[in-house]
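These protein sequences, in sequence, are chains A and B. Heads up: the first sequence begins at 1 in this note's numbering, then just goes up one per residue. Heads up: the second sequence begins at 323 in this note's numbering, then just goes up one per residue.
It is worth saying that the hints were derived from the structure and are not from the lab. No residue lacks a Cβ here, since even glycine has one placed at the ideal position from N, Cα and C. Do not rely on the hints blindly, as some may be mistaken.
Just some of the chain B residues that point at chain A, by a computed CB distance under 8 Å [unchecked claim]:
1) Cys432
2) Ile433
3) Cys435
4) Ala869
5) Met872
6) Gln874
7) Ile877
8) Ala883
9) Lys891
10) Ser931
Take a look at the letters that make up each chain.
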Amino acid sequence: MAAPTTPGIMGQVVLALLPGVAVMAHLFGVGVLLNLAAALGAAVIAEALVLRLRGQSAAAAILDGSTPLAATIIALALPPALPFWIPALAGALGVLLGKQVYGGLGQNVFNPAMVGYLAVMLAFPQAISLWPPPEAGWGASLPAREALDYFLTGALTPVTDALTHATPLDRLATQGFPAMTDGGLSGLLAASGAWLWLGGGFLLGGLFLLARQIIDWRLPLGVIAGTLATAGLLQLGDGAPLTFHLLTGATLMAAFFIATDPVTAPSEGTARLIYAGLIGVLAVVIRELGGHPDGFAFAVLMMNAAAPLLDYIVRRSGGGTA
Amino acid sequence: MLSAVLTLTAIAGVCGVGLGAAGRRLAGQRDPVVERIDELLPQTQCGQCGYPGCRPYAEAVAAGQAPVNLCTPGGNGTVRAIADLLQVDAEPANEADSGPLIAFIDESQCIGCTRCLPACPVDAILGAQRQVHTVIADECTGCRLCVDACPMDCIHMEAVEPPLNSRVRPLPTAQSTAAQPQLRPGPLRHPEVEPRRGGVAVSGAKDRTRGQPPRSLALPEQFVLPLLDHSGAELTPTVGVGDRVRRGTPVTQPGRGVPLHAPTSGVIAGIERRPIVHPAGGTITCLILTADGADRPENPMPTLPDPLRSEPRELLTRIRDAGIRGMGGAAFPSSLKLADAAQCDVDTLVVNGVECDTYLTCDETLLRERADDIISGARIAARACGADRILVAVKSSAPEAAAAAQRAIETAEADIQVVQVAGHYPAGNERHIVFPTTGRTVPPGARPPAVGVVCQNVSTLAAIHRACFYGEASIERLVTVTGGGATDPGNYWVRVGTPLTALIGNATEPGCRVIVGGGIMGTPVADREVPLTHGMNGIVVEAPDEAPRMEQPCIRCGRCAEVCPEGLKPLELVSRIRAGVGVGEPAESIELDPMRCTGCSSCELVCPSSVPLSGILGHARDALRARMREREQAERARRRHEAQQAREERRRREKEEARRRKREAMAASAKQDRQSETTEG
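Whenever a hint applies, use it, and build me the whole structure from the sequences.
Here it is in structure tokens:
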């Protein structure tokens, strides 16, 4: 087998995201792809500009594949119906504030995709919380025409207005799980069927990456274990069921594609387990007890900041592994 | 209101006391700044800074009364170090940094006035009244104080190249490797690489030269013999320009190691500095030998009557006199290695025929062609070092070599075992070959004799055989010429000192390297006129598709740490070294210690971003070694200076004492005179 190269690794991670992208597009319509195009275009332009200013070769840096990967993750994290400037801003800010201000690929402390996502989530909370209900079938829930209009102009038509509503996680954060089940269990179940498909898409890609030894098994294992353990503990109160936490939102995507970013994760094996586990714990805590609908972006950034410390502690205690 | 104020005051008071206690208890034991600055100074005591010595200058800098850039002998390196220590901006040193300087006395002009002797703060000048003076080069700190003291103006400063073991190879950066791809350190691009824990599996990189019989190379017209000791010191030649030598004539003193022999008959045409193969580049003094074409042999050394029954001492002497150096790559004198092994009471000799580096097939070819010589050499070496067990280690992917060794053992009727090593790269490293052959583990940082094993390369053993049975000096070796750019790949018998151009010609592909050594650990050469030496087992001429990829940013994937056979963390090390953190300082932890890196480059083979890891780690090793040497020199200079001052102080006191005694004696005698006068009167 040929030794992998950095563009090769990034390319395979993007490839592994494709099932997830396909399921997303299938469930939510063309808006996902429009987001992807906007985020990708803005990220590449921003990167090229910064590299030009820094007097470095823009082509080599863009071809290393890390920017398309970050843009893809941003597009998957954003709701599928958005005016174009939001995904574009997320892509550009991810590259600029998440990566280039630190000196480019390999130097960044925080996951660039999460930085970009959180920047627009905090700037446009209203728009980011609007998810159309996922419905299976190629005639996606949001007609392509409407989606395109909304994407280009940002004007909410009656159709889009009607179709977008608060996500299950949103309602979990604002009302708690019992309130959700009171409201309409059938809708939730239908939704969770669709989420199952999405989780399956990410799981497929993640297993591919594990098989190719591109990601370290400790990271997804830690995230899933942390998520399940915390969700299980919260079952003692009125927490949502384990499957709900595992399959909704970004759990599997974070486990396989976000926490596994080697640049921002610790390098010691033990430190990686702790890091990933705490991402899962923090994410569920934020979901259940905090005010934000999904906690993975915050959890990842918090643990990014703690990664060097974890490495340091593990090394100091002599628990370093190869 | 009052209670709130009181509460807050109480809290503030408690916190304040706590902080104070913590500050007192947890205060770090920091070196006083003066000591630390003094440590960075070169201890030349030259006074060029305007202060009467290094310590007074350090005190002035610490007190903020002197700028950090006044130390001329220390150069820019010292200025930077002090600036780093004090966290101020480093202004460059006052003068251009010309590297180390040493004083030279022109002996044709020296009149022996001894005025320079007291001027030297470290007593580095030898001389006496009306005798020609000379400078002890090792002790000279380059302070220039003697230059002005000389009334004849016969002392001048000369730039010297540091000895080989304290040259620091440049730190490779993305810019430097892009600008000079032909000098980029690191392995060739291998298409088939698979990471393993503690190594790399590389396949299919030896096929180009495998299985061909060795060929001989026509003698070139000129040979270049680097006068280089294993320790990096220079060998002293025993011949001068114009002397005639024959094949096998010793041309240097053994020094601390082994002598060098003339590779053919001819005339010494010159003694001059020539470039050599070294990661840090540079030149070294070389003998230039113009061949006469007749290749007349020197009278061979007397043959030992029965080498397999000779005394170990006798064998070691012969192995030294024949100039045998390790031919696996390190070129360490075999007599020293075997004598050291004998002192460590080794019981096993491992014949290293694994040749794990890629592209090389010379050891394998030698095993097939001269297995009898190798087995005989192994028995001699085992006798010389007192080992009673011999194991022949051969890579399992070279079955013909193993079969040849087996046949030779049966012919010799010796009790020797052949062990097939299935290991991946770097299985042939002498630290790593011990476990698969003997089951013993060499502790980190130790060498095989620590566990009773000594390893010898097959080429070395063949040379030992020829030296003991036929009295031949080691002047020839089998070398693999290969690589996609090589016009005539194969294994060649080549005399030591042959310029590489005689082997590989001058044709170059732009941006491609010529590498001496194997495809993984080899060193790129800047100049193809460099001569072949005992340790060179391969010459690889790179084709464009074998050149390493352009460097990309490290994504901290951790593959390097996974494959490192020494358990290091190259990813952490490299970011530190490139940021200049801790370079030249002892490592903070064992997995971040560049001195434990054996330079096997496994990390670089699997790096997806093609970071020149081996070159970066090599730079850190060199820097630390050079720094230690600098410190040692500074310490020696300080001691010599202090000794000089103490001597002068003693002399002054003795003089005073003598004067006082004289005064007292005079006073006493005067008194006596007076007394005698009064008694008389």
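> At a threshold of 8 Å, is the proposed contact between Met872(B) and chain A supported by beta-carbon distances?
Replying inline: Holds, about 7 Å.
> Would the stated hint for Ala883(B) survive a check requiring a Cβ distance to chain A of less than 8 Å?
Replying inline: With a minimum Cβ separation of about 6 Å from chain A (threshold 8 Å), the hint on Ala883(B) holds.
> Would the stated hint for Lys891(B) survive a check requiring a Cβ distance to chain A of less than 8 Å?
Replying inline: 7 Å, holds
> Can the hint on Gln874(B) be confirmed by a CB-to-CB distance to chain A that is less than 8 Å?
Replying inline: At 5 Å from the nearest chain A Cβ, Gln874(B) passes the 8 Å test, so the hint holds.
> Does the interface hint hold: is Ser931(B) within less than 8 Å of chain A, judged Cβ to Cβ?
Replying inline: Holds, because the Cβ-Cβ distance from Ser931(B) to chain A comes to roughly 5 Å (cut-off 8 Å).
> Quick one, is the Ile877(B) hint okay against chain A at 8 Å, beta carbons?
Replying inline: Since chain A brings a Cβ to about 5 Å from Ile877(B), closer than 8 Å, the hint holds.
> Taking the closest Cβ pair, is Cys432(B) under 8 Å from chain A?
Replying inline: Status violated, d = 56 Å.
> Is the interface hint for Ala869(B) satisfied, with its Cβ closer than 8 Å to some Cβ of chain A?
Replying inline: 14 Å, violated
>> The hint names Cys435(B) as touching chain A; please verify it with the least Cβ-Cβ distance against 8 Å.
In response: Where the cut-off is 8 Å and the nearest Cβ of chain A is about 59 Å from Cys435(B), the hint is violated.
> Minimum Cβ distance from Ile433(B) to chain A below 8 Å?
Replying inline: With a closest approach of 60 Å, the Ile433(B) hint is violated.
Checked against the numbered hints listed earlier, the structure breaks hints 1, 2, 3, 4; every other hint is satisfied.
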